[in-house]
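**Student:** Throughout the sequence shown, residue numbering follows mature numbering (1 follows the signal peptide of the UniProt record, and there is no 0), covering -20 to -1, 1 to 53 in sequence.
Hints may be right or wrong, so weigh each one.
[As the list claims (entries may be wrong)] Derived Cβ-Cβ restraints for the label pairs, each shown as a range: (1) 27 to 47: 27 to 35 Å; (2) -18 to 32: 22 to 30 Å; (3) -14 to 27: 24 to 32 Å; (4) 42 to -16: 32 to 40 Å; (5) 45 to 24: 32 to 40 Å; (6) -16 to 26: 27 to 35 Å; (7) 47 to 20: 41 to 49 Å.
Hint data in this document are derived by calculation from the structure and do not stem from the laboratory. Bear in mind the structure is a predicted one, so any value in this text is a computation, not a measurement. C-beta atoms are modelled at their ideal positions from N, C-alpha and C, and glycine is treated no differently.
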Amino acid sequence: MASILISIFLIFIFSSIANLQQITTTTIGKTTRTFTIDKEANVFLMDGKPFRYISGEIHYFRICGIFYFFFNF
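Given these sequences and hints, build the entire structure.
**Tutor:** As structure tokens, this is what we get:
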């Protein structure tokens, strides 16, 4: 049940972010950081440069026990 609620929450957050055109964060010194979503090119832009999110997960229950202890998860 908790995983379903977390999934719904994350979907809500990411769908909200996808609708924003530009988010400007705080100014650090003299540098203003920006994050833009370019919908035509299908890329994220951080400070005007392409940015790629890389993420992943491991389901421990899908890994054979020998490998689980071998990799010390």
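**Student:** Take the hints in turn and mark each one as holding or not.
**Tutor:** Taking the hints in turn, this is what the structure says about them:
1. For the pair residue 27 and residue 47, the beta carbons lie near 40 Å from each other, so the given range of 27 to 35 Å is not met.
2. At roughly 26 Å, the beta carbons of residue -18 and residue 32 sit within the given window of 22 to 30 Å.
3. Checked against the given bound of 24 to 32 Å, the beta carbons of residue -14 and residue 27, roughly 31 Å apart, stay inside it.
4. Under the hint 32 to 40 Å, the C-beta atoms of residue 42 and residue -16, about 22 Å apart, miss the expected range.
5. Hint check: residue 45 to residue 24, Cβ distance near 39 Å, so the stated range 32 to 40 Å holds.
6. Between residue -16 and residue 26 the C-beta distance comes to about 30 Å, which sits within the given range of 27 to 35 Å.
7. Against the hinted window of 41 to 49 Å, the Cβ-Cβ separation of residue 47 and residue 20 comes to about 43 Å, which satisfies the hint.
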